[in-house]
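*Asks:* In case you want the letters, here they are:
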Amino acid sequence: MSTDADETAESDGPAAADAADAADVDVAELRARVDELEEQLAAVEADTADDTNSMVIIATKGTLDMAYPPLILASTAAAFGWDVTLFHTFWGLDILHEDKSKNLQLSSVGNPNMPVPNAVASLPGMDRVTTKMMEKKIADNETATIEELIDTSLDMGVEMQACQMTIELMDYDEDDFYDGVTTGVGAATALERMADADIQLLV
Amino acid sequence: MSTETDVTETLDVKGASCPMPVVKTKQAVDDLAEGDVLEVVATDSGSMSDIDGWASGTDGVELLEQEEREDGGETLYVHYVQVTE
Numbered sequence: 001m002s003t004d005a006d007e008t009a010e011s012d013g014p015a016a017a018d019a020a021d022a023a024d025v026d027v028a029e030l031r032a033r034v035d036e037l038e039e040q041l042a043a044v045e046a047d048t049a050d051d052t053n054s055m056v057i058i059a060t061k062g063t064l065d066m067a068y069p070p071l072i073l074a075s076t077a078a079a080f081g082w083d084v085t086l087f088h089t090f091w092g093l094d095i096l097h098e099d100k101s102k103n104l105q106l107s108s109v110g111n112p113n114m115p116v117p118n119a120v121a122s123l124p125g126m127d128r129v130t131t132k133m134m135e136k137k138i139a140d141n142e143t144a145t146i147e148e149l150i151d152t153s154l155d156m157g158v159e160m161q162a163c164q165m166t167i168e169l170m171d172y173d174e175d176d177f178y179d180g181v182t183t184g185v186g187a188a189t190a191l192e193r194m195a196d197a198d199i200q201l202l203v
Numbered sequence: 001m002s003t004e005t006d007v008t009e010t011l012d013v014k015g016a017s018c019p020m021p022v023v024k025t026k027q028a029v030d031d032l033a034e035g036d037v038l039e040v041v042a043t044d045s046g047s048m049s050d051i052d053g054w055a056s057g058t059d060g061v062e063l064l065e066q067e068e069r070e071d072g073g074e075t076l077y078v079h080y081v082q083v084t085e
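As they're listed, the protein sequences go chains A and B.
Heads up: the first sequence at position 100 corresponds to 100 in our numbering, and the numbers run straight through without jumps.
Heads up: the second sequence at position 47 corresponds to 47 in our numbering, and the numbers run straight through without jumps.
In case anyone wonders, no lab produced these hints; they're calculated from the structure.
The beta-carbon is built from N, C-alpha and C at its ideal position, and this holds for glycine as well.
The reader is advised that the hints may include incorrect statements.
Covered stretches of chain B, as calculated for chain A (at least 3 residues, CB under 8 Å) [as the list claims (entries may be wrong)]: (1) 13-20; (2) 24-32; (3) 70-84.
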């Protein structure tokens with residue numbers, strides 16, 4: 001019995017020591033792991049500390065009705081303090097074109113919201129007529145003009161970009177655009193902004 | 001508002017429609033200091049929701065109160081925005 005007891009004591013001794021060692025190692029490892037995770041968490045928090053929202057809108061249309069949504073959303077987002085980029089390409093360039101932006105037209109044909117049937121809408125000069133009607137409604141409603149929205153957006157720090165490839169395609173000159181419009185940018189610039197943005201829209 | 005003296009400045013956006021009431025409010029707030037209260041007077045009924053949404057989503061401003069007021073046959077939508085930082 002005494003031998004057994006001794007053996008037990010002997011076997012307990014190293015086992016207890018092992019357990020204690022294991023516990024020491026585990027605690028040390030856990031501490032190191034906790035420190036490591038805390039460092040990673042701090043890094044993630046630092047990365048996400050900038051909680052400013054951002055929005056990119058690709059504006060491809062140059063009719064009067066299609067010019068409004070990008071500009072209204074852009075100026076409103078700027079009022080929220082968001083970073084906003086409007087990337088204009090193809091007919092969307094006309095919105096940034098100082099002369100053309102003041103004469104954007106509605107398309108009467110194929111537009112079921114127009115008060116005239118397509119057969120009439122296709123007559124020469126009809127777009128001019130329906131555009132005048134819309135411009136009057138805009139004025140009566142005191143809706144901001146396209147020019148006003150562009151000036152306001154630029155004032156509020158909206159980045160207005162004009163696609164270089166389509167500037168050349170449309171035979172426009174960089175000086176045709178409003179002051180403050182960024183030229184010399186392409187699809188890669190747009191994509192890079194879109195990848196980082198919270199909201200991306202194509203109009 | 002219970003007392004007129006709480007108002008630092010009044011912004012008249014009567015007649016203006018979306019997005020101008022919000023945009024002009026933001027521009028006006030930028031010129032004010034912490035603690036100042038901007039009174040925004042609008043006729044755009046959408047401004048009730050829009051100014052509320054803007055104030056909720058924007059740092060440094062708090063919407064204290066909104067009210068509808070009848071004035072000479074037209075409805076005014078009045079907003080009180082305080083600059084908090």
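*Asks:* Run every hint past the structure and note whether it holds.
*Replies:* Structure-based check of all given hints:
Three residues within the 8 Å Cβ limit are the bar, and the stretch 13-20 of chain B against chain A gives 6, so the coverage statement holds. Chain A is given as covering the stretch 24-32 of chain B, and this holds because 3 residues of the stretch bring a CB closer than 8 Å to a CB of that chain, at least three being needed. Restraint check on the stretch 70-84 of chain B versus chain A: 0 residues with Cβ-Cβ distances below 8 Å, three needed, restraint violated.
When each numbered hint is compared with the structure, a violation occurs for hint 3 only.
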